[in-house]
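Asks: Line by line, the protein sequences give chains F and Z.
Every letter in the first sequence is one number past the one before it in this note's numbering, and letter 211, counting from 1, is 211.
Every letter in the second sequence is one number past the one before it in this note's numbering, and letter 19, counting from 1, is 19.
For the record, the hints were derived by calculation from the structure and aren't laboratory data.
Accuracy of the hints is not assured; some may be wrong.
Cβ-to-Cβ under 8 Å is the rule here; a few derived chain Z residues that face chain F [unchecked claim]:
hint : residue
1    : Ala210
2    : Asn214
3    : Phe227
4    : Thr230
5    : Ser235
6    : Asn236
7    : Pro237
8    : Glu243
9    : Ile246
10   : Gly248
11   : Arg249
Across the chosen pairs, the derived CB separations fall in these ranges [stated by the list, open to error]:
hint : chain 1 : residue 1 : chain 2 : residue 2 : range
12   : F       : Pro215    : Z       : Leu184    : 54 to 62 Å
13   : F       : Arg214    : Z       : Thr126    : 46 to 54 Å
14   : Z       : Gln240    : F       : Arg214    : 19 to 27 Å
15   : Z       : Pro180    : F       : Glu12     : 24 to 32 Å
16   : F       : Pro215    : Z       : Asp244    : 19 to 27 Å
17   : Z       : Asp244    : F       : His15     : 14 to 22 Å
18   : Z       : Asn8      : F       : Glu12     : 44 to 52 Å
19   : Z       : Ser149    : F       : Asp216    : 51 to 59 Å
20   : Z       : Asp135    : F       : Leu83     : 34 to 42 Å
Quantities reported herein were computed from a predicted structural model and do not represent experimental measurements.
Don't be surprised by glycine CBs; every beta carbon is placed ideally from N, CA and C.
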Amino acid sequence: MTTRKEFDQGLEHLHNLIIEMGVFVENALVESMEALKTIDTDRARQVIKKDPSLNQMEEKVTEIGSKLIATQQPVAKDLRRILSAFKIASDLERMGDLSVDIANVVLRLEGQKLIKPLIDLPRMAEITQLMTYESIQSFIQENVDLAYKMAKDDDQVDALYGQITRELYTIMMENPQNITQSSLLSFVGRYLERFGDHATNIGESVVYLVTGSRPDLNV
Amino acid sequence: MEALININKLNLFYGAFHALKDVTLTIPEKAITAFIGPSGCGKSTLLRTLNRMNDMIPGTRIEGGIAIGGTEIYSNEVDVETLRKKVGMVFQQPNPFPKSIYDNVAYGPRLHGITNKRELDEIVETSLKSAVLWDEVKDYLKRSAFGLSGGQQQRLCIARALAVNPNILLMDEATSALDPISTLKIEELVQELKDKYTIVMVTHNMHQAARVSNQTVFFLNGEVVEFSDTEKLFSNPVDQRTEDYISGRFG
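Extracted from the complex, chain F is given alone in its bound form (with noise of 0.2 Å):
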């Protein structure tokens, strides 16, 4: 008789810390998005403060990974399970990383009036934010279909930012003094769309642990 039960319990551990990452990272998102749309450096400054936990947790497993494929010897699923689980987690982390550059870009504007109300961007982080968050439904059910469709939901990420960059391009040139404003207002577009690029990138590691194969959704 084999007895798994230790390498199982890792496995739940890895699990259960991906989902912990993914919602922590959404929250983030949710958080630096509304700090920008009022401007609320307090919020910010909150956002930037708790994401060192957020790298522990990718740390956590990191480590929990390496120990199960130390002592366990991890084979086909199990091991594709824990390949996933250190990409997935460094996608996570890279995301939070987005959030803290928004959050960042708050803490620049403190003092300052938007120079147009926010449309598009808001738009955008609902869209990433609903990727992130089916991205990490796909993970828990192993839902292929699900990390399809959420891979596809990216192209309207990347419209929306061409469209916004555009937009603030014109500002730009109608008025100088709004330059600074708005180059760090298509940052934020620019950080949005690498976030949803990290979520596709979920996606495929979903497809991975599933399939064995690695297709790229991001195309």
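Once you have looked at the hints, place chain Z on chain F.
Replies: Here is chain Z on its own, set in the frame of chain F:
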């Protein structure tokens, strides 16, 4: 890789017990093929059919065929001694003869009629070198084989098998009685031998199969469940039963 061993719809019965069921396999030459599976799955039984070791077990009945290099080994014309010269075997427990190191290796060639001292010397040296044992024993060839460590004894048994110039080397759990370092030495040796020999190994150690072999066959209850490249079988098996077994969910 060319096919060397063709097993075709092989059924084997020990009395009423159906030990191998419709096994069809093609084993390529000059490669390492590993048989894995839980105890009683038929992997050792199949290995032993390849040099007709099961002939000695009373009540064994075989249907179907095994061809090695195109020759049906269960046909009446086949001489079993000649077959076993071509298909050597190494067992779980190192089993040197109670003789000197030299005589152990020279035993087979002598049996097959080689008496010339120089010729025997050469065979002994080449075989011991092939088994990566020469450097350790070249000054003690007249000493008893029982003075060697377990790992050395097993390499001596490999040298003894190689001395009669086989094409195929069967290894039945050949490292399971050895310590990890001796095991690694045998694994390295096997890697070198595959350039010249076709190796079929039965192992309980899945990670050994994963490390060493080119192809892996997974058996369950006398049937072949899955046969594929080792890398594929251990990274993305097709059959759920294979996945469960290699992940340690049963067996």
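Asks: Against each hint, give a clear statement of whether it holds in the structure.
Replies: Now for the hints, and whether the structure bears them out:
1. Checking Ala210 (chain Z) against chain F by beta carbon gives a least distance of about 7 Å; that is within 8 Å, so the hint holds.
2. For Asn214 (chain Z), the suggested interface contact is broken, since its CB lies about 17 Å from the closest CB of chain F, more than 8 Å.
3. Of the supplied interface hints, the one on Phe227 (chain Z) is violated, with its beta-carbon coming no nearer than about 16 Å to a beta-carbon of chain F, more than 8 Å.
4. Among the interface hints, the one on Thr230 (chain Z) is violated; its C-beta lies about 11 Å from the nearest C-beta in chain F, farther than the 8 Å criterion.
5. Because the beta carbon of Ser235 (chain Z) sits about 6 Å from the nearest beta carbon in chain F, less than 8 Å, this interface hint is met.
6. The closest approach between the C-beta of Asn236 (chain Z) and any C-beta of chain F is roughly 3 Å, which is under the 8 Å cut-off, so the hint is satisfied.
7. Taken as an interface hint, Pro237 (chain Z) checks out: its beta carbon lies about 6 Å from the nearest beta carbon of chain F, inside 8 Å.
8. Among the interface hints, the one on Glu243 (chain Z) holds; its C-beta lies about 5 Å from the nearest C-beta in chain F, closer than the 8 Å criterion.
9. With 8 Å as the threshold, the beta carbon of Ile246 (chain Z) comes within range of chain F, its nearest partner Cβ sitting at about 5 Å, so the hint holds.
10. About 4 Å separates the beta-carbon of Gly248 (chain Z) from the nearest beta-carbon of chain F, less than 8 Å, and the hint is met.
11. A least Cβ separation of about 7 Å between Arg249 (chain Z) and chain F falls short of the 8 Å threshold, and the interface hint therefore holds.
12. Checked against the given bound of 54 to 62 Å, the beta carbons of Pro215 (chain F) and Leu184 (chain Z), roughly 38 Å apart, lie outside it.
13. Between Arg214 (chain F) and Thr126 (chain Z) the beta carbons are some 47 Å apart, a value that agrees with the proposed interval 46 to 54 Å.
14. Judged by the Cβ atoms, the range 19 to 27 Å given for Gln240 (chain Z) and Arg214 (chain F) holds: they are separated by roughly 22 Å.
15. In this structure, Pro180 (chain Z) and Glu12 (chain F) meet the distance hint of 24 to 32 Å, their C-beta atoms being roughly 30 Å apart.
16. At about 26 Å, the CB distance of Pro215 (chain F) to Asp244 (chain Z) agrees with the hint of 19 to 27 Å.
17. Look at Asp244 (chain Z) against His15 (chain F): about 19 Å separates their beta carbons, and that is inside 14 to 22 Å.
18. At roughly 46 Å, the beta-carbon separation of Asn8 (chain Z) and Glu12 (chain F) lies within the given 44 to 52 Å, and the hint holds.
19. For the pair Ser149 (chain Z) and Asp216 (chain F), the beta carbons lie near 53 Å from each other, so the given range of 51 to 59 Å is met.
20. Asp135 (chain Z) and Leu83 (chain F) have their C-beta atoms about 41 Å apart, which keeps the hinted 34 to 42 Å range intact.
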